[in-house]
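K.L.:
Listed below, chain by chain, are the residues.
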Amino acid sequence: MKESVIEIRNLCKSFGNNHVLKNFEMDLYRGENLAVLGKSGSGKSVLIKCIIGLFEFDAGSIILLGKDIQKFNNEQWDHMRRRVGFLFQSNALYDSMTVRENLEFPMRRHEIKKKKSNEMEGLIRETLANVGLEHTIDMMPAELSGGMRKRIALARTLVLQPEIILYDEPTTGLDPVTAREISNLILEVQRKYNSSSVIISHDMNCINITSNRVVMLIDGKCYANGTYSELNSSQDPKVRDFFD
Amino acid sequence: MKDVFNINKTLEEVGGISRFAARFFREGFKPRYEFGELIRQCFWVGYKSLSLVGITAFIMGLVLTIQSRPTLIEFGAESMLPNMVGISLVREISPVITALICAGKIGSGMGAELGSMRVTEQIDAMEVSGTNPFKYLIVTRILATTLMLPVLVNLSNAISLYGGYLGVNIRGSISWALYWSQVFNALSYSDLVPAIVKTVFFGFAIGLVGCYKGYYSNKGTEGVGRSANSAVVVASLLVFIVDLIAVQITDLLGLT
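Quick mapping for you: the protein sequence lines, in order, are chains P and G. When the letters of the first sequence are read in order and numbered with this note's numbering, they come out as residues 1 to 244. When the letters of the second sequence are read in order and numbered with this note's numbering, they come out as residues 245 to 500.
Bound-form chain G, shown alone (with noise of 0.2 Å):
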């Protein structure tokens, strides 16, 4: 047990990753702001994520469709269908697919990147021509992934709720207004806006840790796999944490 949970690792992990998100804020915005970085960055989590989350979104929209069907015709409201897709999406499940998924592409492929311009000394380069490779490598991609994560969680909503037009009338059928009018009169903006900002956090968390692992991976090839892979299983637990958080606080506020 002591191997598999070592609560002093554990603790030296989450004071390292607090450290590292204290010094983003420091440095993040000071100047001088590397621009062209970031829309590089931008570019590469926004555009080059889209295939991935568009396609992922409407098989989630599709699937939660058709899977919900047979409980709803058991209790008689078949005609709610696209009332509790709608919701179900875009408060829950949309926004956590789409930033489990980034999880693993955004914050592994910053992890191995980073881990192995550690290891190949690129980092230190950096340094030495004048450059703060702080605000350069990790202060962009993390402003990047915050940024762009809820500009993707917005199209995987809509992409799935694509899917689940499709679900509706593989067995049933409703026409395409009447399927987006209850999708909604359902919804509200106490749904939607809670659920956009918590991708930003979402996104920060990926960006930061993803950042984290690799900036501070150990030397070697093995040291650049092990960053890579522990990036996405702790930015994964963390959107988990996010998003628990996330809705205690909602309740709170009484947005549910």
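One chain only, chain P, in its complex shape (with noise of 0.2 Å):
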């Protein structure tokens, strides 16, 4: 019997008269990458910052690592926050700090901050060697290009090794070499820290290469779910617009 680590049941989430998810439902077994595939302003990137707590959702159900996220107050949050890493489309580095304070900051609030100091390092070091940046430490986040800053984000989300990683596009905006560096690199990822993750895309080669698992966000529904070529081999008109 396999163990879920995020169930979605019912989830609707709507901006004005805009119903962007409309009873969604998906679940997330421990040790699996799964990919949300839909089109642009689908309610991909929504759901997943529905997941984190940055967005509300107006009915239905999230249960994150065994736990309702809806009665959750900031200290559940902020412990949650510590098992669920989140890189952003955008990197969303902290371009007044350092390389070093970036992967650092995450961990003022967390039980790492206890750590001695070199300790603190050594896992600052090891992290930023495991994405393969170990010599940018001391580097601004203007200094690296588009794939390095793509890196040291995931570097700074793996620093508090969590359970679950939620990716929000993450090869968007990336050319096709990197992009396909970074797709290994989730799955080296994945393999390394034992995490699960969903991957939120329309990158087909991303998704290929990094997903065991496809669950397609169409008009704020599941519309299939499957592996990449159980999809891949499906006749619905819906699913082969993405495929072809």
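Since the hints were made in silico from the structure, they are not lab data. Be aware that a few hints might be false.
30 Å max Cα-Cα, derived DSSO-like pairs, lysine-lysine [stated by the list, open to error]: (1) G:Lys379 with P:Lys67; (2) P:Lys22 with P:Lys221; (3) P:Lys67 with G:Lys274; (4) G:Lys292 with G:Lys349; (5) P:Lys192 with P:Lys2; (6) G:Lys379 with P:Lys71; (7) P:Lys2 with P:Lys67; (8) G:Lys274 with P:Lys71; (9) P:Lys221 with P:Lys67; (10) G:Lys274 with G:Lys379; (11) P:Lys238 with P:Lys221; (12) P:Lys22 with P:Lys39.
Negatives, chain P to chain G, calculated, CB over 10 Å [stated by the list, open to error]: (13) Phe15; (14) Asp68; (15) Phe72; (16) Gly122; (17) Met140; (18) Tyr193; (19) Arg213.
Looking from chain G toward chain P, a few residues come up when the C-beta cut is under 7 Å (computed) [said to hold, decoys possible]: (20) Thr364; (21) Gln366; (22) Asp368; (23) Gly374; (24) Thr375.
Bear in mind the structure is a predicted one, so any value in this text is a computation, not a measurement. Using N, Cα and C, we set each Cβ at its ideal position, and we do this for glycine too.
Using the hints, put the two chains back together into the complex; each one sits in its own frame.
P.N.:
Quick look at the structure:
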């Protein structure tokens, strides 16, 4: 029996008259990389922002690591966000801080702060080495290329060693070679950290490389669900639109 | 006229700023305290504004003295020049001009910085990494302006009086000791204290508006530009409103 780490049931979210999510349902199992595929503006980013608590949803439920997030107070969110990482589409690196400070920042609120400074330094260097960018430790985000920034943003997420990682369009804006490198890195992270991931994307190559399972978000609902090859062989015209 | 002054929008704005201020008092005094960031912001607001405030204050004192001189000569009161300059600068001109300069420099800086952090999702990133962005970014900035503006105004008072000394000596002649003794004889605590107290509110208003405009910036670079611009406009207006209220209160308390 697979253990579910995210359970979403009948999730509804609207912005005024724009009903983005309509009774959306989804499960993420432990150790799995789940891709959510959908057109731009279909509500993919809204979905993961609801999961991490950046957006409040209108109806339905989200069970995150066995806990109903709707009843969470700030303290419970702080604790949960130690276990759930989020990689932003725009990377969201703090541009007034060096790479080292960017990685130290999430630790400041959590138990890792209690570690000795040399242990923290070791953890930062190890995480940077895992994304292949140890030499950038004292650089500013503005000095880095798009692909490097994405890796540093991923390192900042990984430094807390989360059980679940939410990727918001991880390859958007990158050239095909760098996009493939990032996709492979996501796969490597899954293996090395034994994490479960939700990958929001409309980049078919990225989804093909990274996902164990794909959920298609169309018209605010889970329209199709299966492995990449299963969906690729589907004859449904709405599914085919993405694969042709 | 409707486009120029939309009453609904204005009331919405006033309501928004009031709620933001209420949140500051609700969250600002609860732990966890971000002392490191507060010190960094105090350095940025205070030390980094010092040269601008200093130069403006010196020129302000110099110009006020030169321009007041002919009128005082007309009334045969040239000897009262240091007294008049001292009172005008300390009570009104130095606090208000310094606050306006800070509204321009600090208010726009905060509006633009927080606005671009909002647009590039850095504020959201802070939230998901377990840091309350309101406490870390907003409370520290508002506290920094509230604490630093009185310090800057005190320095501005002193530097503008040096400018005044030079202004008196360009056309006339007065000794260093006589100038300062006349200035200090003219000033009393009832001049100084209300002027300094109101700068605490100026600082609070500048920080509050700059942070509010940046924190709720619309998406896109245009939104960031607008945040910076309206932060300056609204903060400057608030400085005058606070000044008006402060004058009424000091008048009612008989401190004029």
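K.L.:
Checking one constraint from the list: CA of lysine 192 (chain P) to CA of lysine 2 (chain P), max 30 Å. Satisfied?
P.N.:
20 Å, holds
K.L.:
Do the alpha carbons of lysine 274 (chain G) and lysine 379 (chain G) lie within 30 Å of each other, as the hint requires?
P.N.:
9 Å, holds
K.L.:
Does glutamine 366 (chain G) hold up as a contact with chain P if the rule is Cβ-Cβ below 7 Å?
P.N.:
At 5 Å from the nearest chain P Cβ, glutamine 366 (chain G) passes the 7 Å test, so the hint holds.
K.L.:
Lysine 379 (chain G) and lysine 71 (chain P): Cα distance at most 30 Å?
P.N.:
22 Å, holds
K.L.:
Does lysine 71 (chain P) lie within 30 Å of lysine 274 (chain G) when you go C-alpha to C-alpha?
P.N.:
With a Cα-Cα distance of about 22 Å, the restraint between lysine 274 (chain G) and lysine 71 (chain P) holds, given a limit of 30 Å.
K.L.:
Is it the case that arginine 213 (chain P) keeps its Cβ farther than 10 Å from each residue Cβ in chain G?
P.N.:
With a cut-off of 10 Å, arginine 213 (chain P) remains clear of chain G, as the shortest Cβ separation is near 24 Å.
K.L.:
Are all beta-carbon distances from glycine 122 (chain P) to chain G longer than 10 Å?
P.N.:
20 Å, holds
K.L.:
Within a Cα-Cα threshold of 30 Å, do lysine 238 (chain P) and lysine 221 (chain P) meet the stated pairing?
P.N.:
Given pair lysine 238 (chain P), lysine 221 (chain P) holds - Cα atoms ~13 Å apart, limit 30 Å.
K.L.:
Just double-check tyrosine 193 (chain P) for me: nearest Cβ-Cβ distance to chain G has to come out over 10 Å.
P.N.:
17 Å, holds
K.L.:
Between lysine 67 (chain P) and lysine 274 (chain G), does the CA-CA distance stay at or below 30 Å?
P.N.:
27 Å, holds
K.L.:
For aspartate 68 (chain P), is the shortest beta carbon distance to chain G beyond 10 Å?
P.N.:
It holds; aspartate 68 (chain P) is separated from chain G by about 19 Å at its closest Cβ, greater than 10 Å.
K.L.:
Decide, holds or violated, for the assertion that all CB atoms of chain G are farther than 10 Å from the CB of phenylalanine 15 (chain P).
P.N.:
Non-interface label on phenylalanine 15 (chain P) holds, nearest chain G Cβ at 13 Å vs cutoff 10 Å.
Violation of the numbered hints given earlier is absent; every hint is satisfied by the structure.
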